[in-house]
Amino acid sequence: MASNLSDINIQPYSGEKARLSRTFDYLILVLAFFLFIGAFHLHVALTVGDWDFWQDWKDRQWWPLVTPLMMITFPAAVQSLLWQHFRLPLGATLCISCLLIGTWITRIFAYHYWNFFPVNMVLPSTMLPSALVLDVILMLTNSVTYTAILGGSAFALLFYPSNWPIFGMFHETIEMGGSQLTVADLFGFQYIRAGMPEYLRIIERGTLRTYGQVATPLSAFFSAMLCTLMYSLWWNIGRWLATVRYLKNI
Amino acid sequence: MLKNQTRRLLIWLLFWTGLLTNLPVAYAHGEKALEPFIRTRTIQWFDVQWSEPNVSVNDEVVVTGKFHVAEDWPVSVPKPDASFLNISVPGPVMIRTERYLNGQPWVNSVALQPGADYDFKVVLKARFPGRFHIHPFFNLKDAGPVMGPGQWINIGGNAADFTNRITTLNGDVIDMESYGLVNGAIWHGLWFAIGLGWLLWWVRHPLFLPRYKLMAAGREDILVTNQDRTLAKVILVAVPVIVLSASAITQSRHPNSIPLQTALDRIEPLAQEVNTLVKVKVSKAEYRVSARSMILTAEIRNNSLSPIRIGEFSTAGLRFLNSDIEMPMPKAADPLTINDSLHVSDKTPIAPGETRTLTFDATDANWKNEKLDGLINDSDSRLGGLLFFYGEDGSRLIASISAAVLPRFN
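Protein chains in written order, with this note's numbering: chain P, 1 to 250; chain U, 1 to 410.
Treat the hints as calculated values from the structure; they're not laboratory data.
Be a bit skeptical, because a hint or two may be false.
Label pairs and their calculated CB-CB ranges [what the hints assert, rightly or not]:
(1) P:Phe-222 x U:Leu-406: 54 to 60 Å
(2) U:Ala-33 x P:Phe-24: 29 to 35 Å
(3) U:Pro-53 x P:Ile-105: 52 to 58 Å
(4) U:Gln-104 x P:Ile-101: 41 to 47 Å
(5) U:Gly-189 x P:Arg-239: 32 to 38 Å
(6) U:Lys-121 x P:Ile-105: 37 to 43 Å
(7) P:Phe-222 x U:Pro-78: 52 to 58 Å
(8) U:Gly-130 x P:Arg-245: 54 to 60 Å
(9) P:Arg-19 x U:Leu-14: 43 to 49 Å
(10) U:Glu-220 x P:Pro-217: 37 to 43 Å
(11) U:Leu-406 x P:Leu-229: 57 to 63 Å
(12) P:Asn-115 x U:Asn-58: 16 to 22 Å
(13) U:Arg-8 x P:Ile-101: 36 to 42 Å
Note that beta-carbon positions come from the ideal geometry of N, C-alpha and C, so glycine has one too.
With the hints as constraints, model all of the structure from the sequences given.
Spelled out as structure tokens, the structure:
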């Protein structure tokens, strides 16, 4: 097999056509970049929301459940388009990279400079390790079913350990008023949010309790199961809603 | 033609510039947004005081006060099983370093008991220079924010001088303003670099049109090379190895880390201060729309040992004062504390043991300005508030009252 497209025999374009085709590539990439920064960022802000915004929302039950489940959506749909029609295994990494660029811009300019929150209080979580694994599983298996099961599961299961090196230190204990808190809890108490009383936090609630006092793996495996379903759903949403009909005329 | 267009453009530019430069600055915190029956019949604030309002960055501001939880709690508002005393500030221009309810340290939310009294203290530390209007207020779960009296705070100095160092249980001193930021940025940067590398690996080749044509020609086999597969396999192994190793190392570095804390605080009410030696039963309440006047008729029984007179009616942050009575006044002028706005029909003191029916009116335009007159259009038209009585010896008795309000339009 040829190592890249310029070496292969079936090269549909050459000369000026090849240059125009490359310009078209960059045009689409730039548009996709801004589209995913805006659309995916909005989707995550509306669905994951506070779990991603604040240190004192990143609990061991709901955060690892909700975040991968809501963040596998756009990657699955974009993978569907890019893999089926172009054999490009980069949909997940592209979406998550754009999301993170948008998220960092927001955290620094909106949360820090505009609303005075320290950046470390609003550090975003990362899903890039999960996205990379999702992309390579799709490429290596060339199967939606395997990618949904293996890739979707890996996407969820890698989330918490990917983020623990960033957020573990915020779970160090401090003493406040005679009881122990995490540093993350202290952020929520000290840095005043008028619209975010403590009771609004959806942390450690519900019937998804611990198993032998270990909560996170239970949430992560539950999230893995849901992610396989969510991946399939959004793959098909991508398949139904994305079209390449205009390329046929070129 | 061009001249006309230029002129039109100039006029529009002037119009929008004038409009934007004359926009009023908003200082409010939505304190008038909640329905009056919630603002007057849930948290009834009194004796709220502020320390020095002119401070520098790193200085402390202390807010103290008391509140009564109304007995006549609105049926449409969930009971205060989770309530959080907050401070309305435009972002954390101040941080909250300590908070106490009835003298007990208070971190999380708490269940309040209708009919009970509480006192509070909040210690703030100035963080960002500016002039800010600040209120204590209660976030009531499923009801909304009930504002307490506000105060202007002027913060001078330099924001860069702010420090917030705390000591962990391990004995480490950390700076809350920067703790973990560099570490987080490094990890994000690392994964972003790897992700960018993967994207560039594919973007370096022609992308959409050639690949689409090749797919259509049935040559998908040449679109993913052996080199691509080798790189993918490396990623498939390396990424989980890095993730799991880094996670294990982090865990070993922070062996005593704990989950986020979520318990509600449990704090008992104070000894009763409201509704003790004076009993008030409101038999009639009318709101005169044109006069902005609330007229109340009430049967008052004085069970204290001293003759008493009505000195103040307080509701939803408005304080109607009876100028006939000498009482402690706030240090600074407050537009919501209105002198000579409470008028009582019978000025003679109510003797100990006596029961008397009195009519009094609380009259001021602030009924409208504070959007409390909306009560007569609400689904729940009952009004609540605190009635303050003063004895000749300077003693003070407080009664929490409530009544259905009838509007009068002339």
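Hints versus structure:
Between Phe-222 of chain P and Leu-406 of chain U the Cβ separation comes to about 56 Å, which falls inside the hinted range of 54 to 60 Å. Distance hint check: the CB atoms of Ala-33 of chain U and Phe-24 of chain P are about 51 Å apart, inconsistent with the given range 29 to 35 Å. Judged by the Cβ atoms, the range 52 to 58 Å given for Pro-53 of chain U and Ile-105 of chain P is violated: they are separated by roughly 36 Å. For the pair Gln-104 of chain U and Ile-101 of chain P, the supplied restraint of 41 to 47 Å holds, since their beta-carbon distance comes to about 46 Å.
A hinted range of 32 to 38 Å holds for the C-beta pair Gly-189 of chain U and Arg-239 of chain P, which are about 34 Å apart. For Lys-121 of chain U paired with Ile-105 of chain P, a C-beta distance near 39 Å keeps the hint of 37 to 43 Å intact. Checked against the hint of 52 to 58 Å, the C-beta distance between Phe-222 of chain P and Pro-78 of chain U comes to roughly 30 Å, which is inconsistent with it. Look at Gly-130 of chain U against Arg-245 of chain P: about 56 Å separates their beta carbons, and that is inside 54 to 60 Å.
For the hinted restraint 43 to 49 Å between Arg-19 of chain P and Leu-14 of chain U, the CB-CB distance of approximately 48 Å keeps it satisfied. Checked against the hint of 37 to 43 Å, the C-beta distance between Glu-220 of chain U and Pro-217 of chain P comes to roughly 38 Å, which is consistent with it. The given range of 57 to 63 Å is respected by Leu-406 of chain U and Leu-229 of chain P, whose C-beta atoms sit roughly 58 Å from each other. Roughly 20 Å separates the CB atoms of Asn-115 of chain P and Asn-58 of chain U, a value that falls within the hinted 16 to 22 Å.
A hinted range of 36 to 42 Å holds for the C-beta pair Arg-8 of chain U and Ile-101 of chain P, which are about 40 Å apart.
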